[in-house]
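There are 2 protein chains.
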Amino acid sequence: MRVASETVADGVREQLFTIGEIPGALWTPAAGSGPRPLVLIGHGGGQHRKEWGVVSRAIPYVVSCGFAVASIDAPGTGDRPEHPEVKRLVAIIQGREAAGEPVGPEWRELCDVVAAQLIPDWQTTLDALGKLDSVGEGQPVGYYGLSQGGEMGIRLVAAEPRITAAVLGLIGSEWLIDDAARITVPVEFLLQLDDVGNPRDSVMKLFDALGSTEKTLHANVGGHFRVPSFEIDSSVRFFARHLGRTDGS
Amino acid sequence: MRVASETVADGVREQLFTIGEIPGALWTPAAGSGPRPLVLIGHGGGQHRKEWGVVSRAIPYVVSCGFAVASIDAPGTGDRPEHPEVKRLVAIIQGREAAGEPVGPEWRELCDVVAAQLIPDWQTTLDALGKLDSVGEGQPVGYYGLSQGGEMGIRLVAAEPRITAAVLGLIGSEWLIDDAARITVPVEFLLQLDDVGNPRDSVMKLFDALGSTEKTLHANVGGHFRVPSFEIDSSVRFFARHLGRTDGS
Numbered sequence: 016m017r018v019a020s021e022t023v024a025d026g027v028r029e030q031l032f033t034i035g036e037i038p039g040a041l042w043t044p045a046a047g048s049g050p051r052p053l054v055l056i057g058h059g060g061g062q063h064r065k066e067w068g069v070v071s072r073a074i075p076y077v078v079s080c081g082f083a084v085a086s087i088d089a090p091g092t093g094d095r096p097e098h099p100e101v102k103r104l105v106a107i108i109q110g111r112e113a114a115g116e117p118v119g120p121e122w123r124e125l126c127d128v129v130a131a132q133l134i135p136d137w138q139t140t141l142d143a144l145g146k147l148d149s150v151g152e153g154q155p156v157g158y159y160g161l162s163q164g165g166e167m168g169i170r171l172v173a174a175e176p177r178i179t180a181a182v183l184g185l186i187g188s189e190w191l192i193d194d195a196a197r198i199t200v201p202v203e204f205l206l207q208l209d210d211v212g213n214p215r216d217s218v219m220k221l222f223d224a225l226g227s228t229e230k231t232l233h234a235n236v237g238g239h240f241r242v243p244s245f246e247i248d249s250s251v252r253f254f255a256r257h258l259g260r261t262d263g264s
Numbered sequence: 016m017r018v019a020s021e022t023v024a025d026g027v028r029e030q031l032f033t034i035g036e037i038p039g040a041l042w043t044p045a046a047g048s049g050p051r052p053l054v055l056i057g058h059g060g061g062q063h064r065k066e067w068g069v070v071s072r073a074i075p076y077v078v079s080c081g082f083a084v085a086s087i088d089a090p091g092t093g094d095r096p097e098h099p100e101v102k103r104l105v106a107i108i109q110g111r112e113a114a115g116e117p118v119g120p121e122w123r124e125l126c127d128v129v130a131a132q133l134i135p136d137w138q139t140t141l142d143a144l145g146k147l148d149s150v151g152e153g154q155p156v157g158y159y160g161l162s163q164g165g166e167m168g169i170r171l172v173a174a175e176p177r178i179t180a181a182v183l184g185l186i187g188s189e190w191l192i193d194d195a196a197r198i199t200v201p202v203e204f205l206l207q208l209d210d211v212g213n214p215r216d217s218v219m220k221l222f223d224a225l226g227s228t229e230k231t232l233h234a235n236v237g238g239h240f241r242v243p244s245f246e247i248d249s250s251v252r253f254f255a256r257h258l259g260r261t262d263g264s
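Chains A and B supply the protein sequences, listed in that same order.
The first sequence begins at 16 in my numbering and counts up one residue at a time.
The second sequence begins at 16 in my numbering and counts up one residue at a time.
In case anyone wonders, no lab produced these hints; they're calculated from the structure.
Even for Gly, the Cβ is constructed at its ideal location relative to N, Cα and C.
A portion of the hints provided could be inaccurate.
[Said to hold, decoys possible] Quick partial rundown of chain B residues pointing at chain A, CB under 10 Å, derived from the structure: (1) GLU175; (2) THR179; (3) TRP190; (4) ILE192; (5) LEU206; (6) PHE222; (7) GLU229; (8) ASN235; (9) HIS239; (10) GLU246; (11) ASP248; (12) SER249; (13) ARG256.
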């Protein structure tokens, strides 16, 4: 793991790093040292590891709970090299969307291509972060991801026993049913009631499929990109409950 | 309004009162004075104004937010006189339940009989509490009620413009659709996914009918009486957002 830059602002230390080819970001309390719970945040489709949707969660998780938070670029996004297959599939999907057509089978194909690299990359990242003094091994780990970050999250949480709680949602892919059924950790699952790309029935079917004994669906009015800001606060409290508050020091 | 008893414990003042024939309870910060937001809590069927389901919400609302909280006995419960019609209908319904039969048309009849007295009684209570120094008029007012407290709440919030935010749920009565549609204030709506008496589809139909532009459905695993305790915390934060925190003084 190579730290390319380190900045401190408002009590939060941001480290941009690479682990091999994986570009990542790590946020920890500036004043803190020693092991602490970790939250992984998976960004949305076409976004990157420092997008607003990531940082707006990362900062309160660090400030309110003293957690470490990490995010990595998905293949073909952010500081990753161009990924010809991702690029080809995204072009087809965007063309369909522009024409007002359904995204077609390339959406699942894209998810599979991204996941084939991203899931092992998350696991490599977990291994590497565990070796840092400011994270440590054996600490509770959470995952937060909506939309494509939810799609990847369901696959990752199903595969990765180190993750003990997850906020997921804005996704209803029928091919995730089996992965969802393998998830047994507490989940907060988000649904936007006017999300035309992820209809209520498909999202709820995935929620129903989760194998978790503690799972909560939060359904809010509004479109895909209109998750209410109070859901950030709710996720802070969800992770505080399940990963344990630290004293931030 | 006549205060029959006053006790202080753990920083909370509890006053048991009567307004005419209405038996009520008021909780306020022991150290506080002056006007403050008010939350009305409607108890569940067959319960009363000091039931655990009421007190477990009232105390954190007072302690965390400095709110005043009030609860009144529904007709035929708690310190109210026996109500022959309520008694007759409850006996029929309980007989059906004991036999494993559907509750039948008497459930709606019971709700109508209770509401005919309880809704005006809540409004009388609001008038009277507004005259107290520790509550005051023109302050934001919230309502919390699940199950029969949700049934009554939908009717009350639809009728009472002083109520500006509500936590409701565990109810799916089809006859409440029109009342629900008249509600326009922010609502947090609870659904228990294994609540056999209030099936998901009926509860969601009522949630969908709400006229509110801000409404959130919280669906949790478990039966009717198994609302997770973190939903109490969520309601604290909902009311803090919508009624405004006070300094508790």
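Comparing the hints with the structure gives:
no.: 1; hint: GLU175; in the structure: violated (23 Å)
no.: 2; hint: THR179; in the structure: violated (16 Å)
no.: 3; hint: TRP190; in the structure: violated (23 Å)
no.: 4; hint: ILE192; in the structure: violated (17 Å)
no.: 5; hint: LEU206; in the structure: holds (8 Å)
no.: 6; hint: PHE222; in the structure: holds (8 Å)
no.: 7; hint: GLU229; in the structure: holds (7 Å)
no.: 8; hint: ASN235; in the structure: holds (5 Å)
no.: 9; hint: HIS239; in the structure: violated (16 Å)
no.: 10; hint: GLU246; in the structure: holds (8 Å)
no.: 11; hint: ASP248; in the structure: holds (7 Å)
no.: 12; hint: SER249; in the structure: holds (7 Å)
no.: 13; hint: ARG256; in the structure: holds (6 Å)
Taken one by one, the earlier hints fail for this structure at numbers 1, 2, 3, 4, 9, listed in ascending order.
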